[in-house]
Amino acid sequence: MSYWCQMYFQNGVTFTSMRVQWAFGMYCVVLMLIFVFVMLSVLLCCSGSHQFIYMLTDHNLERIWGTVPLLILVFLSWPSMGLLYVLSELETPLVTVKCIGHQWYWEYEYTDFAVVSYNSYMVPEDELKLGEPRLLTVDKSMVLPFSVWCRILTTSFDVVHSWTVPAFGVKSDAVPGRLSESSVKVEMPGVFWGQCSEICGALHSFMPIRVEVVSAELFSKWLWILQSSVWEG
Amino acid sequence: KLREKEKGDWKLLSLEDKKTLYRASFNSTLEEVRAPSGDWKRCIGDNAILMALMFLGVSVIGFADPQYEPKTVTNEWVDAQTEYLIKRRVQPVDGIASWYDYENNKFKPTWSIFTTKETSKSVKTLSEKE
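Listed in order, the protein sequences are those of chains A and B. Note that our numbering has the first sequence beginning at 1, numbered continuously upward. Note that our numbering has the second sequence beginning at 1001, numbered continuously upward.
Think of the hints as simulated: they come from the structure by calculation, not from any bench. Please read all numbers here as calculations on a predicted model, not as lab measurements.
To give a feel for the contact side, a few chain B residues facing chain A, derived at Cβ under 10 Å:
(1) V1073
(2) V1078
(3) Q1081
(4) R1088
(5) R1089
(6) Q1091
(7) V1093
(8) G1095
(9) I1096
(10) S1098
Have a look at the derived ranges for each label pair, beta carbon to beta carbon:
(11) B:R1023 / A:W65: 39 to 45 Å
(12) B:D1101 / A:D126: 31 to 37 Å
(13) A:E89 / B:E1103: 35 to 41 Å
(14) A:G48 / B:R1023: 25 to 31 Å
(15) A:A23 / B:K1071: 38 to 44 Å
(16) A:V38 / B:L1002: 50 to 56 Å
(17) A:V86 / B:G1038: 57 to 63 Å
(18) B:K1018 / A:W65: 45 to 51 Å
(19) B:E1031 / A:C5: 52 to 58 Å
(20) B:N1104 / A:E89: 38 to 44 Å
(21) B:T1020 / A:T67: 55 to 61 Å
(22) A:V42 / B:R1023: 33 to 39 Å
(23) A:W65 / B:G1038: 36 to 42 Å
Glycine included, each C-beta is placed from N, C-alpha and C at the ideal position.
Based on the sequences and whatever the hints tell you, model everything.
This is the structure:
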């Protein structure tokens, strides 16, 4: 989650999110250069009392100021095209999780061995323990193993929701009647938060997402316990 | 009348006649076009009045109807939440966990503004348990 007064992105823990943030930084630098150049030109044109009225056409100049922006745009599209394919990359996933959006909670379904699912509700403000973040605390979080390719399938039971975790660089629309696939390989264990990102009704702001990323061993133990509790009834 | 006089010899025109004819033809001189109008003072003044009215309105509304403040903005809760984030190593690359010295259980000198008694005490307890 963000700390107070955070301006920039949350730290990316997947390689895709790190690449996306790098591209954003690069675009900001190019934007600043263009902005400074344009502002300087405007200031130079506005200052001084004389006007340059003797030049009517200059084809060379027009060629330059048509080609240079085109080259800049091609340069900007280079990382974007690469990212387009990197983001939809998915090697053989070892874990598949289905995130089903309801009004107004998330249901997580692990179907690798037995079909187990549980709901994740936001803890209301009155029931928060000291120090827990407001609007982000949930009663049950989603668990994923780290350094393992995970497939996240999002869908919805009623209206359109969006499952997002900024630290993973994932924002996946949960549309009723279809499965949206995203791939995630989290490189760092820890806890990561997100919130529903598609307006879905009155409590749209009150259905957070909490993902705990743990070691593969711990994940398999947790999944075994969950599945055992389902089998026992 | 002046127009008819203009059609004759210009040396017969007085200075006042010449000025009147110039005004009729060209409206203003080059120096008058270039001269500063002082309109910027009116613009700034009008904007200042509008901004003052806006601030007045906001302060009246703000003080007349205090909004509900959640309990999580109190200093006590904020300190506890900082400790919560530090314990879970949230944003360890260049975020809050990277500002904390886990070996000595305190914030690094640049970030000492975040140091509170609670933060130092509880994280130390956690490391002792480990």
